[in-house]
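Colleague: This is what each chain is made of:
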Amino acid sequence: MTAPSTRRTVGLPAPLVEIQQVTVQLGTRTVLRDISATIWPGEFIGIIGPNGAGKSTLLRLLLGLVRPTAGEIRILGSPVRRGTPHLGYCPQHRSFDRDLPITGREFVGLGLDGHRWGIRLPDARRDARIMAVLEAVGAGHLADAPLGQLSGGEQQRLAIAQALVGDPSLLLLDEPLASLDVRSQGEIIELVDRLRRERALAVLFVTHGINPLLGVIDRVWYLARGHAVIGPVSEVIRSDVLSQLYGLPVEVFEVQGRLFVSLPDEWAHHQHRDGARR
Amino acid sequence: MSIPLQYDFMQNAYAAGTIIAIASAVVGFFVVLRGLSFAAHALSHIGFAGATGAILLGIDPLLGLLAFTLLSGLTMGLLGERLRGRDVAIGVVLAFALGLGALFLSLYTRYATQAYSILFGTILGVSRDDVIVSLALGIVLLVAVAVLFRPLVFASLDPEVAAARGVPVELISVVFLMIVAVAVAEAVQVVGVLLVFTLLVAPAATASSLTRSPSGAIGLGVLLALLETWAGITLAYYSRFPVSFYISALGFAFYLLARLAGPRLSARRSRPVDRPAPRG
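Sequence lines, in order, name chains X and B.
Counting from 1, one number per residue, gives the positions in the first sequence under the working numbering.
Counting from 279, one number per residue, gives the positions in the second sequence under the working numbering.
Bound conformation, chain X alone (with noise of 0.2 Å):
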């Protein structure tokens, strides 16, 4: 509990993300076992690992959507609790039907006062406010289009917009680039990566493969068995640090600056037996 103050006075930022030793158990099931990272503001982190590592519950935790087992998890100071604005969502992505009558404008106005009760009254700095945050995902021109009509990087675009509009400190995306096609997963991390620039905004992506990340990210956290280790990419993405993490012989290759983990057969079996799903 004394770090953060010394940190402060030697003159660094206060850490936006502080989790301490924490354990999530859904059922009998540990999905995260004793996890301890520090967010620093503005950091750009890919949140990676096989299925059922608890990527997402690492999110939900944040959000305050699951509550930790044992351990402790405080956001610019405070405890986690459900609707702060700090954070900005986006959850793995959702079908949406195509006679859905919102447009992007609408959809992207719930993440402004969605959570307030009653009917919104007609408001100019809320307009302008959803077009500019519009305008910087690039999507100005999906403000009148209907949502369910949109392709999924369009949709998506419309997400983070939606996630950006209450202006967080952090970034949650989860699995962003899960059902888009390689040109609209390049638009996507571009565009993460300069909003976080312009605004010296946290995120964390999760997402299935390091590679796309690779020259974005400042750090990775690899995530396994509910077990994790966060670092440079050329510190956590070794065979040594993977198989300590998997519990098994784990090798990485490198070919033409592309990262290539390869877990062997045990894993699979592993997998299966432990019910790894979600």
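So these bits of chain B aren't anywhere near chain X, every CB distance computed over 12 Å: (1) Leu-334; (2) Arg-406; (3) Asp-408; (4) Val-452.
Sample of chain X residues at the chain B side, in silico, Cβ under 10 Å: (5) Arg-60; (6) Leu-63; (7) Arg-81; (8) Arg-82; (9) Thr-84; (10) Pro-85; (11) Leu-87; (12) Cys-90; (13) Pro-91; (14) Phe-107; (15) Leu-110; (16) Ile-119; (17) Ala-163.
Hints listed in this document are in silico derivations from the structure and should not be mistaken for laboratory results.
None of the values given here were measured: they were computed from a predicted structure.
Beta carbons: idealized from backbone N, C-alpha and C, even for Gly.
With chain X's structure known, arrange chain B on it following the hints.
Modeller: Quick look at chain B alone, frame taken from chain X:
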């Protein structure tokens, strides 16, 4: 030829029909948005057992109807996620409820017409008191929807994000099913338990496919429901056919037209396809 409005029973029919059409279309928008049309259908059938049970006990059928729809709405809401994809379970319960209704009616041998009116509606038989009850229930419904409006849209569209933003998603889902329960009890008076779909779902679904915003969809839904109800009551007055037939036929016709015209309309109004997003 006589004018319908000169009779008290017709005035009552138009008044109750107007109130119920508005309330049904507003609630119906969220029934469609949340994919609850089967639940609404089930609630009406369960309400049938309540209404016939009330007749047997000599109580106002509307009270029995409300008691059953509210109770089952509450149960559905509390079961929440566990009920998702359990259409068969809901179907078995609703069939049993209809069966119970049949039993209650056979025990009560005096008026078979009571059963007919619960099944297909009694709008031409409502009294001044019924109109006042409908108005009170309608006001409760509209106020409840207005209070819940934004979090209800948010939670229906994106429950994960809504919950993360602090919306009490589970509570809203329970309260909304209670709202549906009251709306079903209202709609049953006009079109009966078998045709609740025609007021609660058809106008809202037609409107949703033709509009782009919740307020637009609700506005158009109300307009359609009013047109169908007024036309239904008027046509029934000048012919031998029942009101619920006309309302359901008009609801079907509007839905069909929207389905046929909808894709062309939205294609014409739509943005240029996949214009690349500006960069940098």
